[in-house]
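Enquirer: Chains as they are written, first to last, in this note's numbering: chain G, 1 to 253; chain X, 1 to 357.
If you are wondering where the hints come from, they were derived from the structure by calculation, not from laboratory data. Just so you know, not all the hints are guaranteed correct.
[Said to hold, decoys possible] Stretch-level coverage of chain X by chain G, calculated; a stretch enters the list once three of its residues show a Cβ under 8 Å from a Cβ in chain G:
| hint | stretch |
| --- | --- |
| 1 | 64-71 |
| 2 | 94-103 |
| 3 | 164-176 |
Glycine included, every Cβ here is placed at the ideal spot set by N, Cα and C.
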Amino acid sequence: MMRRWLLLAAALIVCVTNVVALGLGLLNRRTAATDTITLTERELKITASSSESTATILRLVWTSPDSEGFPCDKIRPLGFTCPDRPVSGERRVLEQPQRNGYVVLEYDGPAYQLVRKRAEALAAQQAAENPSFVPPAPSWLNEQTRLIAIDLGPDADALRRTYPDASRYLITTARIGAIPESVPDAPLLMTLSGTVIGVMPSTINVPLPLSTRLRDAAALHVGDPPQSWKPRYTVTLRYGRFLEPWIVDVQPK
Amino acid sequence: MTGVADITREEAQARVNRINAFRAELDELEQRGAISLTDEQRAQLHDYHRNLIATLSERFEVDRSRAESQLSLGLRIVSLLGAAACTAAVVLFFERFWGVLSTPVQVAVVWIAPLAALAGAAATARVERTLYFTALLSILAFGCFVMNVYVLGTVLNAVPSPRAFFVWSAFAFALAYTWDLRLLLAAGAICAITFFSTSILSWYRLPLDVLFSRPESVLLPAVLVAVFAQAEINRKRYGFSQTLRLAGLAPLCVAVLILSESGTQSRIPLATQTVEHLYQLAGFTLAAGMLIVGIRRRWTETVNLGAAFFAVLLLLRFVAWWWDVMPKYVFFLIVGVTAIGLMVLLQRLRRSAGAAS
Chain G
1 MMRRWLLLAA
11 ALIVCVTNVV
21 ALGLGLLNRR
31 TAATDTITLT
41 ERELKITASS
51 SESTATILRL
61 VWTSPDSEGF
71 PCDKIRPLGF
81 TCPDRPVSGE
91 RRVLEQPQRN
101 GYVVLEYDGP
111 AYQLVRKRAE
121 ALAAQQAAEN
131 PSFVPPAPSW
141 LNEQTRLIAI
151 DLGPDADALR
161 RTYPDASRYL
171 ITTARIGAIP
181 ESVPDAPLLM
191 TLSGTVIGVM
201 PSTINVPLPL
211 STRLRDAAAL
221 HVGDPPQSWK
231 PRYTVTLRYG
241 RFLEPWIVDV
251 QPK
Chain X
1 MTGVADITRE
11 EAQARVNRIN
21 AFRAELDELE
31 QRGAISLTDE
41 QRAQLHDYHR
51 NLIATLSERF
61 EVDRSRAESQ
71 LSLGLRIVSL
81 LGAAACTAAV
91 VLFFERFWGV
101 LSTPVQVAVV
111 WIAPLAALAG
121 AAATARVERT
131 LYFTALLSIL
141 AFGCFVMNVY
151 VLGTVLNAVP
161 SPRAFFVWSA
171 FAFALAYTWD
181 LRLLLAAGAI
191 CAITFFSTSI
201 LSWYRLPLDV
211 LFSRPESVLL
221 PAVLVAVFAQ
231 AEINRKRYGF
241 SQTLRLAGLA
251 PLCVAVLILS
261 ESGTQSRIPL
271 ATQTVEHLYQ
281 LAGFTLAAGM
291 LIVGIRRRWT
301 ETVNLGAAFF
311 AVLLLLRFVA
321 WWWDVMPKYV
331 FFLIVGVTAI
341 GLMVLLQRLR
351 RSAGAAS
């Protein structure tokens, strides 16, 4: 008798888990804002989970502004202990575990222009300093992502109020780290700055029939030379109530 | 036949083992002339044992000889390997055809898979008494349920959550208590510990995989699992108390070991070195406690784990104190002498435990 109840309980656990997960998924999508963001192949690259997998998965590609971490007042609300003054050798302050928070990724905005200018300036400087330096093909910058991490915080709603344009500012869950940085002119002293380690989810599942359209689009221009590389598709994303995204449209370019 | 009405398969096997040992010892005693039975007595005893073994064998499919017992061990190993292979096959098969299935079909397939394996386990449990195939199908059901939750998370692009460990734990426990499966019991206990510790981490806004950087979150759930091992429900089942004690104490030892070596990973607001010293002290106390309680209560697995933990703690302390300040041969000589000292101590404890029994 006891065995029968336990078996029933096991079957119920499976069913309730599926119903609750699907219900939460539905709630995430039903109560979502209607705004969408349209990204290209530069920001959403097709990735394979294994050689035998037939799943179509897109990886969200983003970047941070070069050599600029987020200041202490941005990472303290996430729970990091950030010293007011530089410290030396305090391992518990300098070696803190990563924390969860929310990040704002700006799409094709001023932050990207800055990153692009810096990359071009760096390439020009290297070419000037070293005559044997082979500059990268001009097209390489056109393949880079235009999603730049510009802000972070512990409250997604507060961030959305600051950045209301959902078609330009993508807000998602992220892992934030506190990185020790040495102070100029005082190499023994260290301070902390925040950096985005990764976003969650970092990959997005592409369901049928959108996956067929995406693979067809990705099959185009395969033989094109790198100089004339252009994104082959655009993907329209929507983020739900729990910041879980889904794909609403795929268009070949 | 009296005395076999309400016993478990493990108790029946223990009875058969005792009978075989008794027969061998009786033969030896008769050969040496220490005892002499009449033909009638010998025949009576032989008939009684033969009937008892036949009854137990028919009811529980117990191993009647050493050869059968060795084959059973082989069956258990093959059953485990078979379960692992079948689970891998199901996962890879699904991955291979994922792309050609629509989302509703994907969800339906991963939903039905654990239920189908569960139904298979229930059906085989009705026709077999040794439960080898039931164990295989139960492990497969657990593997399918893990895949089920993972696939749902992927389809919905969900953020990782500790709740997954909760449902995996509940499912594994339900199967373990249905058919007395120790492997699934251990899986359930580990998932339960992971659920509680990752929930604590989530509360502090820490990512789930920071578990090893914040081992203090493991301490309380691991102790609770070790305490739960003593519950009546586990003592009635063969090997459940031992399995749960190991599943609780092993993560507890690992957590204390990490904290004793790296105090920066502690939340205790004290200087790093003080925290490390506190956990070193706690580690030695825990190891000593495991040895003392284990010997008193004859918990072999606890004694073995306690001894191993004590040895690792001691070795790490020796390395910290002396590795850099003395020639390596002296260092290893000290380690060797300490090991001999420990052996003498454990031998004395063993003798006193033997005398007490």
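Enquirer: Hint by hint, say whether it matches the structure.
Expert: So, going through the hints one by one against the coordinates:
Coverage of the stretch 64-71 of chain X by chain G is violated [criterion: at least 3 residues with CB-CB distance below 8 Å; count 0]. Check result for the stretch 94-103 of chain X against chain G: holds, 9 residues qualifying (beta carbon to beta carbon below 8 Å, three or more required). Check result for the stretch 164-176 of chain X against chain G: holds, 5 residues qualifying (beta carbon to beta carbon below 8 Å, three or more required).
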